[in-house]
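Each residue of the sequence shown is one higher than the one before, starting from 1 at the first, in the numbering used here.
Among the hints, erroneous ones may be present.
No more than 30 angstroms apart at the CA atoms, straight line, and that leaves these computed lysine-lysine pairs for DSBU-like [what the hints assert, rightly or not]:
#: 1; residue 1: K349; residue 2: K337
#: 2; residue 1: K395; residue 2: K560
#: 3; residue 1: K395; residue 2: K479
#: 4; residue 1: K349; residue 2: K338
#: 5; residue 1: K596; residue 2: K608
#: 6; residue 1: K608; residue 2: K460
#: 7; residue 1: K479; residue 2: K506
#: 8; residue 1: K96; residue 2: K65
#: 9; residue 1: K395; residue 2: K608
#: 10; residue 1: K133; residue 2: K65
#: 11; residue 1: K65; residue 2: K141
#: 12; residue 1: K534; residue 2: K460
#: 13; residue 1: K569; residue 2: K479
#: 14; residue 1: K460; residue 2: K612
#: 15; residue 1: K608; residue 2: K506
#: 16; residue 1: K596; residue 2: K506
#: 17; residue 1: K141; residue 2: K22
#: 18; residue 1: K94; residue 2: K141
#: 19; residue 1: K65; residue 2: K94
#: 20; residue 1: K51; residue 2: K96
For the record, the hints were derived by calculation from the structure and aren't laboratory data.
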Amino acid sequence: MEIQTLNPATPRQRQRIEAFLKRNGLRFDDMHYYAAVTDDDGEMIAGGGLKGNVIKCVAVDDAHKGEAIANTLISHLIAHANEEGHSNVMLFTKPKNRQLFESLSFRLLAEAPEAVLMETGIGGINNTVEALKKIREESEKYKEYNKECKENNKECKENSEECKEEEKTNLNTSTPQHLNPSTPQPLTTTTPLRGVVVMNCNPFTLGHRYLIEQAAKQVERLFVMVVREDCSLFAYAERKAMVEQGVAHLENVTVIDGSEYAISLATFPTYFLKRLDDAADTQMLLDLDLFRRHIAPALGTTVRFVGTEPTDRLTRRYNQLMHEVLADVRETARLEKKGNAVSASRVRKAMEQGDMSTIRQLVPPTTLPYIIAHLATQALQAELDTTPKPGLVDKDNNGAHRDMDYALMQRSIDTLHPYFVKLALLGCADTLPSHTAIRDAGIEAEKAMLSATNGVNTHKGALFSMGLAVVAAAHEERKIAANEEQILKERNGGEDVLVSLQTTIKALAASFPDTNGTHGSKAKLLSKGTTAIKGALDNAREGYEMLFAEWLPFYIERRKEHDAHTLHKTLLRIMCDLDDTNVIYRTDLATAEEVKLEARALLDNFSKAALKDMDRRYTARNISPGGAADMLSLTAFIGSIQT
Numbered sequence: 001m002e003i004q005t006l007n008p009a010t011p012r013q014r015q016r017i018e019a020f021l022k023r024n025g026l027r028f029d030d031m032h033y034y035a036a037v038t039d040d041d042g043e044m045i046a047g048g049g050l051k052g053n054v055i056k057c058v059a060v061d062d063a064h065k066g067e068a069i070a071n072t073l074i075s076h077l078i079a080h081a082n083e084e085g086h087s088n089v090m091l092f093t094k095p096k097n098r099q100l101f102e103s104l105s106f107r108l109l110a111e112a113p114e115a116v117l118m119e120t121g122i123g124g125i126n127n128t129v130e131a132l133k134k135i136r137e138e139s140e141k142y143k144e145y146n147k148e149c150k151e152n153n154k155e156c157k158e159n160s161e162e163c164k165e166e167e168k169t170n171l172n173t174s175t176p177q178h179l180n181p182s183t184p185q186p187l188t189t190t191t192p193l194r195g196v197v198v199m200n201c202n203p204f205t206l207g208h209r210y211l212i213e214q215a216a217k218q219v220e221r222l223f224v225m226v227v228r229e230d231c232s233l234f235a236y237a238e239r240k241a242m243v244e245q246g247v248a249h250l251e252n253v254t255v256i257d258g259s260e261y262a263i264s265l266a267t268f269p270t271y272f273l274k275r276l277d278d279a280a281d282t283q284m285l286l287d288l289d290l291f292r293r294h295i296a297p298a299l300g301t302t303v304r305f306v307g308t309e310p311t312d313r314l315t316r317r318y319n320q321l322m323h324e325v326l327a328d329v330r331e332t333a334r335l336e337k338k339g340n341a342v343s344a345s346r347v348r349k350a351m352e353q354g355d356m357s358t359i360r361q362l363v364p365p366t367t368l369p370y371i372i373a374h375l376a377t378q379a380l381q382a383e384l385d386t387t388p389k390p391g392l393v394d395k396d397n398n399g400a401h402r403d404m405d406y407a408l409m410q411r412s413i414d415t416l417h418p419y420f421v422k423l424a425l426l427g428c429a430d431t432l433p434s435h436t437a438i439r440d441a442g443i444e445a446e447k448a449m450l451s452a453t454n455g456v457n458t459h460k461g462a463l464f465s466m467g468l469a470v471v472a473a474a475h476e477e478r479k480i481a482a483n484e485e486q487i488l489k490e491r492n493g494g495e496d497v498l499v500s501l502q503t504t505i506k507a508l509a510a511s512f513p514d515t516n517g518t519h520g521s522k523a524k525l526l527s528k529g530t531t532a533i534k535g536a537l538d539n540a541r542e543g544y545e546m547l548f549a550e551w552l553p554f555y556i557e558r559r560k561e562h563d564a565h566t567l568h569k570t571l572l573r574i575m576c577d578l579d580d581t582n583v584i585y586r587t588d589l590a591t592a593e594e595v596k597l598e599a600r601a602l603l604d605n606f607s608k609a610a611l612k613d614m615d616r617r618y619t620a621r622n623i624s625p626g627g628a629a630d631m632l633s634l635t636a637f638i639g640s641i642q643t
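Full structure from sequences and hints, please.
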């Protein structure tokens, strides 16, 4: 007998795995590695797979059970997982196999009627439990602090006439305390000490905040656990930060890290597939048993809070099982706006549609910087994905660039995204951030980009223009959030909002000094003063006049018409007007003017075939309208935040 490695991603090898599993009453599951034990004739007699640190799809033919093959196979899988950096390994198996795997040093994590989840190795659930216990100990300090505050408050009411008058005034306010969702309610002797809510928050909405506020009124301490897996539009670090900032006004709420033992790909993969099938109930029950056995006791929580689920069948079923498994589950009706439940999916849809007005109605102001940063990243992605493009990197080819390709550009965009978040957070303030703060964030972002691309300048120009726009957009949203109705009324809706955005961009750009060594500055030298060439900084100082006056309306009109070539045509429209310093730097002024004329001609008689031909010719002539590509990204971004 020998152990062979099979690749589940290879169709023929996957078929072999599936046939073996079917013969043993199992079905194929998501795996990246599979080990097959074969006999002397090469027939598979046992096998098991891995997905991360989770062992799956283990089977031994009936004729070979009792031959210690399982021991050899499991030892091999554990060793392979250890080589991949996993110190602990989990295993799904049938309840009847529990004793076998306990003999192989696996310990029970959770059980359901159809499966058990087991674990072996260093750390694992024990580390998670210890970390949660420390968080619980910290919450005890809050309990003592709260007790001291109550005593001080009691003394104040007894001895201060001023406090009595203040209390009387509070009782006469127009908003009763029990109707104010941000005001914690008085706790009674029967109030549970601690509760927990587990949520994904992709992104954090007013609905999430409402659920937390309602739950916080019912316990002395509420723990909010954010799902850790990065399977969402917003990364885990962003989602957790959004929650922390969104509930900062609630003193008895603690936001804690998620783990692989609470709604994770390891224990509950169906959650991320949103697929309700016969495996889903088992995964849900295992997840809930993990919570009941380990997480709740470690935190000392007695209540689990959830929101009602009107649309998602899988989440609704999870809520049903939660009521069956856990002792105290409290369900809060979804917050509604204009008759519809507030949900993260509605926010994501509004992001796709560039409907910032709807987004403002669904999320707290603290979430807006993260949304703005994502819209900026999506705009860069949209430009990269636009194919074909003349002389530029796209999905088909590298254009006129020998030092970059699609994968490198993608890596650059991914690297820049956290810095757009940082810039948006800088902008989300009552006053504009200082030039120094913006410059330092930009320098940090550029260094990260160059490190990710091995020194290739993929997005330096886009970083400058998009960075300014992100700061400006976040600042404008901050002002609107402070008094939306009045500001929008004064500005006469979306058009004047864009005027204000343009003014803010001008103000930010004005603080930047003239540059040396850029393509723009070198292009100006090439022109020798014979023509007024405007570089990236010049255009920013003017508030991107052509963008707001010509390119953005053109782009928006194409989108309204559902034109499949909106981005292609908008790129050509920009090329008609822009003094593209990237083209001038790579060629000369005469070629730059030729590019403008060709773009106009193609736009007047557009065809994808003609665009492909332009791409071939520009690639051969080393023409790359990189400045126009940057402006295409910026136009798409501004288009996504305009109302």
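We went through each hint and held it up to the structure:
1. K349 with K337: holds (16 angstroms)
2. K395 with K560: Holds: K395 and K560 sit about 26 angstroms apart, inside 30 angstroms.
3. K395 with K479: violated (39 angstroms)
4. K349 with K338: holds (17 angstroms)
5. K596 with K608: Given pair K596, K608 holds - Cα atoms ~18 angstroms apart, limit 30 angstroms.
6. K608 with K460: holds (29 angstroms)
7. K479 with K506: holds (17 angstroms)
8. K96 with K65: Roughly 14 angstroms between the alpha carbons, so the hint for K96 and K65 holds.
9. K395 with K608: holds (15 angstroms)
10. K133 with K65: violated (42 angstroms)
11. K65 with K141: violated (55 angstroms)
12. K534 with K460: holds (17 angstroms)
13. K569 with K479: Distance of about 34 angstroms is beyond 30 angstroms: violated.
14. K460 with K612: holds (26 angstroms)
15. K608 with K506: violated (36 angstroms)
16. K596 with K506: Since the Cα atoms of K596 and K506 sit roughly 26 angstroms apart, the hinted pair holds (cutoff 30 angstroms).
17. K141 with K22: Measuring from Cα to Cα gives roughly 55 angstroms; hence the hint is violated.
18. K94 with K141: Judged against 30 angstroms, a Cα distance of about 43 angstroms means the pair is violated.
19. K65 with K94: The hint holds at about 15 angstroms.
20. K51 with K96: This hinted pair holds, its Cα atoms lying about 23 angstroms apart.
Comparing the model with each earlier hint shows violations of hints 3, 10, 11, 13, 15, 17 and 18; every other hint is respected.
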